[in-house]
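Trainee: Single-letter residue listing:
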Amino acid sequence: MASNEERSIQFRDDDFRLIQEDIRIMDTKLETKPTTFFKDALRRFCKNKSSVAGFFILAILILLTIIVPIVSPHNIDLVSSSEKFLAPKLFKTGTGFWDGTRAGKHIVYDADNEVPALSDKHSVESIRQALVSLTVEPDPTYIDNASTYGTGGVIVFATDAAVAGRDAFLQSKPAEFTNKGDYRVSIRFSDEENVSASKLGEYAVYLRYGEGPEDRIMIRDFSRDYSDIDFDITGAMNEQNLKNIYAQLVFDLRGTSDSFRYILLKSVEFTGGERAKNLEELEEIGFTDATDMINNGDPNSPGYWSCSGRKGIHNSEIYYCDYVIDTYMLVYGNADPRTYSATELSAWIENGWCEYDYKVGPESFVKLSDACPLDEVTDQTVLSVTKKLSSITGTSWNYRKLGYDKMPQFILGTDVSGFDLFKRSFAGLRTSLILGICTAAFCFCFGLLWGSVSGYFGGNVDLFMERFCDILGGVPWIVVMTLCILHLGNNFFTFFLALCLTGWMGTARRTRAQFYRFKGREYVLASRTLGATDMRLIQRHILPNSMGTIITSSVLMIPTTIFSEATLAYLNLGLQGLQAFGVMMSANQQYLGIYPNLVIFPAIIMSLMMISFNLFGNGLRDAFNPSLKGSE
Amino acid sequence: MGKYVLKRIGLAVITAFIILSLTFILVKLLPFERPLGDDSKQIAYFDKQYSLGYVYRFDRPMPQYGEHLYRSPAVKGVSNYYYLVPVMEQYVNWLRNIITKWDWGCSKTFQPNVQASVIIMSRIGYSIRLNIISAVVSVPVGILLGIWAALKKNTMTDHIISTVVMIFISIPSFVLISFVLRIFCYNLGWLPSTWPADTASTAAKIKGYIIPVFCLSFGSVCGYCRFVRAELCEVMESDYLLLARTKGLTRRQAIVRHALKNAMVPIFPSILAEVISVLGGSMILESLYGIPGIGKLFILSLSYKDYDILFVDMAIFTTIDLLAGVVLDLSYGFIDPRIRMGAKK
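First to last, the protein sequences are chains F and L.
Sequential numbering from 60 applies to the first sequence in my numbering.
Sequential numbering from 749 applies to the second sequence in my numbering.
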């Protein structure tokens, strides 16, 4: 098969040339860039976009915690309750969003002043000034209780629950009637049923002019007739030959033993003819508006009706409104006039802040400097004896009185103490961060020491140290914290101590595991053979390799600490004596229903911090993890 | 194996004993608070403490004890004086009382003279019920989400799930509760903003469970999901799964028969431990939502300075924590035949 055919191969001389004859062979430089472990970790961390984003958000937040408490001029130490619960304001008023306004829905409407009924806290003028928009609901709502802002309705006059079976009286203030005044009274009832659990009752109406049982002009005797009454008082007086009486109108409601009775009264009006002298007085005694009558609680006023049973209101008309109000104008506005003494004014004039001549009057006021607290003079009081100025009344911006140069602006609003929420949040976060950094630093150092001793030496030392960790680690952190706080008080040091007590074990355990992993490696053995000491082995060969994981766990301890502080605050064990984030949040928790911004904004800041810490930590962990090297 | 189990349990019991002893001593070292309630209750409290061996009794003032001598209210003009027994002696008496009578002490100010065990038993039911319901909800949801994310690894679904999980795992529980309360109770008004009373109707009670269960399970769902995804992803890249596919199994068969089974090995024990450890209840949730469980009891006994109750409550948390650790360790050995717990070589 194989041919034995001969082949001739010819080699020439230049086939055997030495190709490296002129080149000196030695180590060449590596063509790739040399890198260290940390440089490589940094490079891989930067590849992870979300972690870098987390890092930047974190950096911004940390910068804010440093800058805001120093730069912000707002006070967070002295309670200023007039400034409490201001709405968040970032943009100018009128933009409609985040502009310091607060909307109210379905709030009672004060029809007399044409403002929402908020006047128990603020004056009507300031509400009117601060009002941005107002929508009154077109249909009234009917309520069965007496509201200051209600109108109309009917009076429910009932026998007293406490004394069943006895008659009840409802009587007006007395007034004078003569036989020449053409006095009349008109009474309107309502016979609506099922107003209350009891039934409509039997009643009588009369004018009582004396103490005796016969000293009365009967208008309607006991009956269940609820039709309108128009009664001629003067006519009845003439019939009984009465000339001049001083009488009061009495409703007598018959009590029954089985259940309580009531009648419904719409109005009682007294009128008189041309010769009646006391028409105005009579008008006041009767009532046309049942709600007003019920609201009149002053027994000395002419319109007061005394009652031996119960009087209540039914179907009182009330309007609700939706409104938007500028909370800053409400608190800092210039609607309320204020009075200043002449001495104050003369001090301002001396300072050159303004000019004023009381002989000319309020028009002579000229404002010369912004420092002058007064903007306009509306009135002045001159003493009649000495002809000297005693006081002036004028308007001025309320914020001046509260110590501001211009209208203040709180980005996140204010809390119950009138503190700026923005500044308080970051001041609290600063405390938490300092606590977290201190704790993490301590735990890092101590845990590293403990873990490296335990991991490097192993054996009985390790066993003993591990058991110790087991027992201390078996105590829930909340128990350790509680016991520390109960024994040592809620101060910064206690928190630091308690958090360290529970925190270092994590680092120690991690360090120990890393030491176990690396101490048997060949390069360690090689170094040991060359006579390296324990210290050198740990410092040069084992520690640098395990550093990444340990650093990551220590960084992630900071958010854990912040979280612990907040959790304890919710358990009423919060940090006292310093601005603390958790304490602020848990204190604001009760306003979640009315002023959600007080909880939501700090919650967002807290969550942002936690999220970015976690992103950052995850990136760090991946970057330091040698097993992930090159897998991307 | 049996030896290891015994050793592990024995170690846990010893740890628990040491922790409880230390906690007891530390709690007893706190300043003494006078009992509350009317005179007869105070006298009963002091008598009980005397019979249990925690105080000395004298029938006349002992000036050498100064302000640490406590006077009980007078009966027929005679009152007794009490002085605290030294802490270590109280500790010995306490151990004896527990062993002989199962007496863990009684409440002083919160519900005077009621046995601590009675108070705990009356409240632990709420916490356990709530946590079991939330575990029943969160375990399947968490595992399914995790599996879904792992199967769709590096797709949009996975990114969305992972991002949401990461965000919600970072948000503290009280923040989540605040938001949920704000939205569902105040803005929409669908759910009650506090725990319904025991007398409420069944419908109201069921409604009252929604928010706590939601808030409790949210964190765990995220935790389980992240864990399951990580484990399953690791298993999916293993060689035996590649072999399974090469020998002709479909993707579904390979995942169900090989990947899931193996991924569950580390997942199952930690879920079990997690379920046990949350039995202690969430203190913040219980206090914010007004649930009468043992987490709320912790806060109440703190504010009443009722340290005996506080101690028993803390003892429960400690025991549950240790129990969870034991279960975690042991279940590894039972589930995974490859792991021989405590084996020498």
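Any given hint could turn out to be false.
Unchecked claim - Straight-line alpha carbon distances no greater than 25 Å define the calculated DMTMM-like cross-link-like pairs of lysine to aspartate or glutamate that follow: (1) F:K108 / L:E781; (2) L:K751 / F:D521; (3) L:K776 / F:D529; (4) F:K336 / F:D348.
If you are wondering where the hints come from, they were derived from the structure by calculation, not from laboratory data.
Trainee: Which of the listed hints are broken here?
Mentor: Those not satisfied come down to hint 1.
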